[in-house]
Each structure stands twice: as C-alpha cells, then as structure tokens.
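Chemist: Sequence:
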Amino acid sequence: MKLYIVGKTEFMREFPGKSSGSEFEIRYWGGFEGHMSAPNDGQTLIEFAGRLCYESFDLPSEKTKENSGYIRNIISLGHESVLEHVSVTFYVEGVSRNLSHELIRHRHLSFSELSQRYVDMEEANFVVPPAYRSPAIDDLCHIDSYNDGDLSGDPAMMYKEMVWQAEGDGKTRKQAREAARYYLPSGMETKFVVTGNLRAWRDVLKKRDSEHADAEMQLFAKEVKRQLLQEYPDVFGDLK
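The numbering used here applies: residue 1 is where the sequence shown begins, and numbers increase by one.
Honestly, the hints are just simulated from the structure, not real lab data.
Check the hints yourself; a few may be wrong.
As a list, the in silico DSBU-like pairs of lysine-lysine whose alpha-carbon atoms are at most 35 Å apart [said to hold, decoys possible]: (1) Lys174 with Lys160; (2) Lys191 with Lys8; (3) Lys191 with Lys174; (4) Lys65 with Lys206; (5) Lys174 with Lys2; (6) Lys8 with Lys240; (7) Lys191 with Lys171; (8) Lys160 with Lys2; (9) Lys240 with Lys65; (10) Lys174 with Lys65; (11) Lys207 with Lys191; (12) Lys160 with Lys8; (13) Lys240 with Lys63; (14) Lys207 with Lys63; (15) Lys222 with Lys240; (16) Lys160 with Lys171; (17) Lys206 with Lys222; (18) Lys18 with Lys191; (19) Lys65 with Lys225; (20) Lys63 with Lys191; (21) Lys240 with Lys2; (22) Lys63 with Lys8; (23) Lys240 with Lys207; (24) Lys191 with Lys2; (25) Lys222 with Lys8; (26) Lys222 with Lys191; (27) Lys207 with Lys8; (28) Lys2 with Lys206; (29) Lys63 with Lys18; (30) Lys240 with Lys191; (31) Lys2 with Lys222; (32) Lys18 with Lys2; (33) Lys191 with Lys225; (34) Lys207 with Lys225; (35) Lys222 with Lys63; (36) Lys240 with Lys225; (37) Lys207 with Lys2.
Please take these sequences and the hints and turn them into a complete structure.
Modeler: Encoded structure:
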C-alpha cells in the first residue's frame, strides 16, 4: 500500500478587510521575520475563516491568540465547518477494489480511479488480505508476498481467455476488456486519486481507524492519519 499527498489547499498570504494590519497579520508574518517556523498555511486559512465570523483579528483571547490554540479550541467546541476550506488530495496504489468500493461511501470525498475498461488487467496485482500476510499462511496457501504478488490461477486465465475470444469475435480491445473485467475478483489492485476537505477526512478517520473496520481499511486509515498529522497536527491531534 502506497499513499502520497499530491495536492493541498494553500493560504495566499493576503489579508483583506479588517485582517489587514491586524495582530493576526503581524503574528503571521512574524513566523518568517522572527526566524521561527513558517506558519502552517492550511491551519492559517482555517483560523482566518473562523476569525472572520467575529472579526476577531486582533486576537482578543489569550487562550486562542496562537494558531494551535485556536484550532484545538474550535475542534473541541465542535465547530468543524471551517475545516472544509482546506482540502488534501492523495494518490493511492496497492489497495484492493474492495477498499475503494467501501471508501466511496464517504460521499464528501472525490475520486478518479483506474479504469478496468481501458487498462489491461492480465498482469495486474492481487492484494493479499492482511489476515493472510504471514509466512506460515503464505506457504500454506501458496500466496505470493503482498508487494510482489500477482494475479494467478483461474481469474487471470479466465480474463485472458475472454479477451481473446471477444477480440476473435470482432469486438474492439476496449469492448473485450470491458466484458472480461466481470471475471476479475474484488481483491484486484486498484489505483486512485482521492480528494477531501479536512472535515471529511476527520469523518473517515473516526469511522475507519477502528477495530470494527475492515482490516485493509484500517491500514489505509492509519497511514492517512499519519500523513495528515504531519501536515495539520492541531486539526488531527485529538484523533491519535
């Protein structure tokens, strides 16, 4: 399983309206000029949106004058709508279509997935379920390792045979693959790009980083959480 963050929302460092010249703007630029760590742009955008609601750009509360405190406070209060202004996009590979078909139930995520109609699946990988990923069971079941495994046995043979027969009957390559994919198991590897705002990702993690979730989905959720914690520590810190 491989996941990479390939896109995320950035704060454009513009301070319109009453934010211009405010303590909020001064604090932001101080992160550069004071030789401190540069501000987290995604979390700054969340704070900007939240402060706009009350025009509290002069940081009136000691508890929330810093970005970290502000973010943690709004999450503790359940005010998660401002998290929707920041989105993150992942590239994912090495997971099964079982997983992608479960993940699409999270309707606030957006997907672009590998097409089995156009892509030749004859040499596609088969994802070994986590329960089978042990040397003893691998030897017993003759299952290749997760990273190096390939689709073997009847499904691959059936797929190849159906493509060959369909093309022999005058069907186009696309038509042949479109029909042959019906014989592929749901454990086939898929690849996809998925985008969600931070509120949507929090919802995914609350439901999928759980002992009650599918085993493969748990591994996916833990890796998503690990990467999101690095990018937005205060947004996801309560989900450790």
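Chemist: List in ascending order the numbers of the hints, as given earlier, that are violated by the structure.
Modeler: 10, 12, 18, 20 and 32
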